[in-house]
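Top line first, the protein sequences correspond to chains H and E.
Using my numbering, you'd call the opening residue of the first sequence number 1 and step up by one each time.
Using my numbering, you'd call the opening residue of the second sequence number 112 and step up by one each time.
Hints may be right or wrong, so weigh each one.
[To be verified] No more than 20 Å apart at the CA atoms, straight line, and that leaves these computed lysine to aspartate or glutamate pairs for EDC-like:
1. H/Lys84 with H/Glu102
2. E/Lys177 with E/Glu118
3. H/Lys42 with H/Glu87
4. H/Lys84 with E/Asp149
5. H/Lys93 with E/Asp128
6. E/Lys171 with H/Asp109
7. H/Lys84 with E/Asp142
8. H/Lys2 with E/Asp128
9. H/Lys43 with H/Glu87
10. H/Lys93 with E/Glu212
11. H/Lys84 with E/Glu148
12. E/Lys171 with E/Asp142
13. E/Lys176 with E/Glu243
14. H/Lys84 with E/Asp230
15. H/Lys2 with H/Glu50
Bear in mind the hints are in silico, worked out from the structure with no lab data behind them.
Since the structure is predicted, the reported quantities are computational estimates derived from the model, not experimental observations.
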Amino acid sequence: MKIETRTVGDIKILDCSGRITLGEGTMVVRNAVRELLKANEKKIILNLAEVNYIDSSGIGELVSTYTTVTSNDGQLKLLGLTRKIQELLAITKLLTVFQVFEDEQAALDSF
Amino acid sequence: MNKTANEVDVSICSALDNLDLIQILTDSLTDFMRFDEDSAHWIGMSVRESVTNAIQHGNKLDVNKKVDIRFQVQQDRISIFIKDQGAGFCVDEIPSPLDSENLLKPSGRGIFYIRTFMDEVEFRNLARGGMEVYMMKKISN
Numbered sequence: 001m002k003i004e005t006r007t008v009g010d011i012k013i014l015d016c017s018g019r020i021t022l023g024e025g026t027m028v029v030r031n032a033v034r035e036l037l038k039a040n041e042k043k044i045i046l047n048l049a050e051v052n053y054i055d056s057s058g059i060g061e062l063v064s065t066y067t068t069v070t071s072n073d074g075q076l077k078l079l080g081l082t083r084k085i086q087e088l089l090a091i092t093k094l095l096t097v098f099q100v101f102e103d104e105q106a107a108l109d110s111f
Numbered sequence: 112m113n114k115t116a117n118e119v120d121v122s123i124c125s126a127l128d129n130l131d132l133i134q135i136l137t138d139s140l141t142d143f144m145r146f147d148e149d150s151a152h153w154i155g156m157s158v159r160e161s162v163t164n165a166i167q168h169g170n171k172l173d174v175n176k177k178v179d180i181r182f183q184v185q186q187d188r189i190s191i192f193i194k195d196q197g198a199g200f201c202v203d204e205i206p207s208p209l210d211s212e213n214l215l216k217p218s219g220r221g222i223f224y225i226r227t228f229m230d231e232v233e234f235r236n237l238a239r240g241g242m243e244v245y246m247m248k249k250i251s252n
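Same shape as in the complex, but just chain H (with noise of 0.2 Å):
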């Protein structure tokens, strides 16, 4: 699991790649996004695109993320689901919670 960060404006966007899954990957997701909320940094988009596998864990990751966000305030995006993780969020209603785009400039006009 890696993380590379963005910067478009006053948005930072997560380009993670490989494995969301319990343990090393969830801890990933985690400690980035505190080090951009530690930093002030409130509009954040997650990508991911190049992550080929999550477990359920990772799901909780993505929510628990997310609840961390809004509670300082910030806002939270996700970008390029592939698939199965947009199956996975649909079938457990969070599809409703998270705004989801396909398109990096669409999630960057969203904020």
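Go by the hints and put chain E onto chain H.
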């Protein structure tokens, strides 16, 4: 392939590091059985979720306790039995992750996913202690 079941038995200690081993084994079996890519993915995820539960919630990460996994391979289906040495639980008492009060909880979706993706799932409290999860998936034509 024979019409009678072939069985693969694996016993692991309760360490999360072993999840990848079980994942590789599951993926190899579903590949050998020629499940389609989506079904193979969801079977792999369901086994991983169940073994995670057995290690974490059943055996409480006690490396001295085992998780036994039996893969039963038949012509038209794979059946998987996962046993732990924990205290067991009542599956009916597990809250639904779809209820509005649970929607934003960080955990509690694993069993829901298993039930969604597998054709049959049963949870059995074993008389000698521990829990057995049975799950089955048929090969779609």
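How the hints compare with the structure:
1. H/Lys84 with H/Glu102: OK: H/Lys84 and H/Glu102 at ~14 Å, within 20 Å.
2. E/Lys177 with E/Glu118: 19 Å, holds
3. H/Lys42 with H/Glu87: With Cα atoms ~27 Å apart, H/Lys42 and H/Glu87 exceed 20 Å; violated.
4. H/Lys84 with E/Asp149: Holds, at roughly 9 Å.
5. H/Lys93 with E/Asp128: 30 Å, violated
6. E/Lys171 with H/Asp109: Given pair E/Lys171, H/Asp109 is violated - Cα atoms ~46 Å apart, limit 20 Å.
7. H/Lys84 with E/Asp142: 18 Å, holds
8. H/Lys2 with E/Asp128: Holds, because 19 Å separates the two Cα atoms, which is no more than 20 Å.
9. H/Lys43 with H/Glu87: With a Cα-Cα distance of about 25 Å, the restraint between H/Lys43 and H/Glu87 is violated, given a limit of 20 Å.
10. H/Lys93 with E/Glu212: Between H/Lys93 and E/Glu212 the Cα gap is close to 12 Å, so the pair holds against 20 Å.
11. H/Lys84 with E/Glu148: Holds - the C-alpha atoms of E/Glu148 and H/Lys84 are around 11 Å apart, at most 20 Å.
12. E/Lys171 with E/Asp142: Violated. E/Lys171 to E/Asp142 sits at ~31 Å, over the 20 Å cutoff.
13. E/Lys176 with E/Glu243: 14 Å, holds
14. H/Lys84 with E/Asp230: Holds, because 18 Å separates the two Cα atoms, which is no more than 20 Å.
15. H/Lys2 with H/Glu50: 10 Å, holds
Of the numbered hints given earlier, the model fails hints 3, 5, 6, 9 and 12; all others are met.
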